[in-house]
Amino acid sequence: MAKPPATTTLVLCCLLAVAAAAAATWIGHDDQQDNDVSTYIVHVMPAHAPRLATHRIARDHYAPFLCELLLPPHVARPPPRLLYSYAHAATGFAARLTARQAAHLEAHPCVAAVVRDEAYELHTTLSSSFLRLSPSSGLQAESNSATDAVIAVINSTMRPSYQTRLCPQHRLLPFVANLVGAKMFYEGYERASGKPINETEDSKSPLDTTGHGTHSAAIAAGSPVSDANLFGLANGVAKGTAPGARIAVYKVCWKMGCFGSDVVAGMDEAIADGVDVISLSLAVNRKRTFAQDPTAISGFNAVRKGIVVVASAGSGGPKESTVTNTAPWLLTVGASSMNRQFQTIVVLGDGQTFSGTSLYLGDTDGSMKSLVFGGFAGSAACEIGKLDATKVAGKIVLCEAGQALDAEKGVAVAQAGGFGVIVSSRSSYGEYAKATAHLIPGTTVPNAAALEILRYMARTPYPVGKILFFGTVLSSSPRIASFSARGPSLAAPEILKPDLVAPGVSILAAWSGLVSPTELDVDTRRVKFNILSGTSAACPHVSGVAALLKMARPSWTPAMIMSALTTTAGLDPGLVYDAGVDDYLDVLCALGYSDEDIVGIFLRDGTITNCSTRASTTVADLNRASISVAVKAYGDDITVRRTVRNVGGSVDAVYTVGGVPPPGTQLRIRPSKLVFDAEHQTRTYDVVIRTVSSGSFDEYTHGSIVWSDGAHKVRSPIAVTWPPSQSAAVAAI
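Per mature numbering (1 follows the signal peptide of the UniProt record, and there is no 0): the sequence shown = residues -24 to -1, 1 to 709.
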């Protein structure tokens, strides 16, 4: 019998190897006998990718491709395991590889980059009215509540009580139910954990067993539900920000977290499904560059398809440079409070009172109880099993921040026989305190209040106190949440991030019935709604508004929608700033990415770019509503250019400019008047930022410019970063 051609033999061997690897059990050779096997995302140069962008074709292509590249004996074992092929969010695949195999692939000319998989961090009755959204007027009425929009929620999917219909068409068609599809992705998670998903703890299905995805999705879209509340708190009508929009959920997060290879697979599927908005309440390590960030790469390809990608900023605040999801094509959302709180008052025996917050509304007799500091009873942070019952029984225990969730501290006190708990917030959070659904009478107070309570206890022989619960109070003024991540961006300081803030403190929304409101196993309570805080709650608010705006303005690009949301709260912006793929390529060139990186990692369709032939621009010149510059030397003049489009009600409009220069600078805007008519619907202006000596200021200073035609006010924030030595020197003048 004649021997088959060498190429045929190669393909057959490769297919057999991959098939064997795919069929291997968890006790198989590849993961158990080689300790440095990890999941890697491999970006393939477009010329070596399949021509047709379908998952089946891509998988059939990359299986022999992977084996062919790993044919040399020193990298052939253990056989690679193909986890995902990517056809829309990225060009390439995810596979289980050794470090040596990954390095071998990265050195090959047909591979653009190899990035090791990494864990992601998971980052409402009043909020719709707080955002001034009404079904009878404004954007919600104009968009018909975004009835034709589909919002993709990349998270842990939704609770089982929602109706689920999978839609096989390229475009997810609207059904009567808000939920039109649910899919799951777990290959990266299982390989990272080293074992299959434990189905006694986590449903290996699109069902939400953590609650996080249900909460996020219900904020973005959902029909009105009356009498929504948590233990009677925040009672009212709950509805999604875009009540008529459809939700397609892509479950990429599981009990112990989320991984980039699964996130890219979910986004890949969402792009293929033709969604309108992608909502991402999660993020990878903020220190990664855009070329190393799977979300940035997938988001780039989504935006190229006209999809608005909204992402949470992260909850690492108030420290600087903690913001995540900072690619300029992503709409990055921080968190603010609303004009609502769940108030408590701690009353001490000497008459002092301190405000706090709590989601507890159970029985309390209102009498004074003895107080004890957890540190004098075995554990300052009130860790479970470490409190001395003889010192805690019947008392209210003061616990310091950290070591455990606030709800766990209450459990620790209860298990030791305590009556109640007062938890200190972090010192860095200032006046902010997080509301918790305690199982016993409990509250969280700002750190300064906790210190005063501790001082009272130290000077009083028999300290006593009580906690009064006032429930829902509509009185506090909105402010930026202390936990909301701050800029500047590590990947590109000249891209001002976050782009905007939205309600993210104590947000009521739907909850999974498979997990308690505290997410603790000892908590047997089950609820239909829960109250959570985080930029993960802020993000879906903006996703919903983006869906409304996209349906009301179907010709607008993602950048125009981003501009409208960042320049005005009224959503009738008057002027918008637009940017497209070519502008983002200028940014990547300005950041120093090579042509090969840009083509191989970001441009998945074979488009060629040459940074050397592009006009010389800086990152700060990207046509965004915000302006961020870095001063290199005192006395510099920095000029940035912007172009605006008139989208107001009148073709003929005249805008004049005003503003407030950041401390340490003078502003000059050229021209100072923009005149629009039928033939000129776009106008360009320059902002000259002159650094001057004007007294003391910090390393970061802020100002703004505002264009107005009398009916619209279009505000652009300006941020200036000063060299540490320079700001100190000027501060000394």
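Do not take every clue at face value.
[Said to hold, decoys possible] Pairs of lysine-lysine, DSSO-like flavour, derived with a Cα cap of 30 Å:
#, residue 1, residue 2
1, Lys295, Lys504
2, Lys159, Lys345
3, Lys171, Lys159
4, Lys231, Lys263
5, Lys231, Lys442
6, Lys263, Lys171
7, Lys281, Lys263
8, Lys504, Lys180
9, Lys649, Lys689
10, Lys345, Lys362
11, Lys362, Lys442
12, Lys171, Lys231
13, Lys180, Lys159
14, Lys295, Lys345
15, Lys367, Lys295
16, Lys263, Lys295
17, Lys263, Lys649
18, Lys159, Lys504
19, Lys367, Lys345
20, Lys362, Lys231
21, Lys231, Lys345
22, Lys442, Lys367
[As the list claims (entries may be wrong)] Listed next, with one range per pair, are the computed distances between beta-carbon atoms:
#, residue 1, residue 2, range
23, Glu428, Ala545, 34 to 40 Å
24, Gly406, Val682, 25 to 31 Å
25, Ala365, Leu567, 54 to 60 Å
26, Ser404, Arg92, 28 to 34 Å
27, Gln657, Gly406, 44 to 50 Å
None of these hints come from the bench; they were simulated from the model.
Beta carbons are placed, not taken as given, at the ideal position from N, Cα and C, and that holds for glycine.
Hints and how they fare:
| no. | hint | result |
| --- | --- | --- |
| 1 | Lys295 - Lys504 | violated, 34 Å |
| 2 | Lys159 - Lys345 | violated, 51 Å |
| 3 | Lys171 - Lys159 | holds, 21 Å |
| 4 | Lys231 - Lys263 | holds, 25 Å |
| 5 | Lys231 - Lys442 | violated, 37 Å |
| 6 | Lys263 - Lys171 | holds, 29 Å |
| 7 | Lys281 - Lys263 | holds, 27 Å |
| 8 | Lys504 - Lys180 | holds, 22 Å |
| 9 | Lys649 - Lys689 | holds, 14 Å |
| 10 | Lys345 - Lys362 | holds, 21 Å |
| 11 | Lys362 - Lys442 | holds, 24 Å |
| 12 | Lys171 - Lys231 | holds, 13 Å |
| 13 | Lys180 - Lys159 | holds, 11 Å |
| 14 | Lys295 - Lys345 | violated, 37 Å |
| 15 | Lys367 - Lys295 | violated, 37 Å |
| 16 | Lys263 - Lys295 | holds, 14 Å |
| 17 | Lys263 - Lys649 | violated, 41 Å |
| 18 | Lys159 - Lys504 | holds, 22 Å |
| 19 | Lys367 - Lys345 | holds, 13 Å |
| 20 | Lys362 - Lys231 | holds, 26 Å |
| 21 | Lys231 - Lys345 | violated, 38 Å |
| 22 | Lys442 - Lys367 | holds, 18 Å |
| 23 | Glu428 - Ala545: 34 to 40 Å | holds, 37 Å |
| 24 | Gly406 - Val682: 25 to 31 Å | holds, 29 Å |
| 25 | Ala365 - Leu567: 54 to 60 Å | holds, 59 Å |
| 26 | Ser404 - Arg92: 28 to 34 Å | holds, 31 Å |
| 27 | Gln657 - Gly406: 44 to 50 Å | holds, 45 Å |
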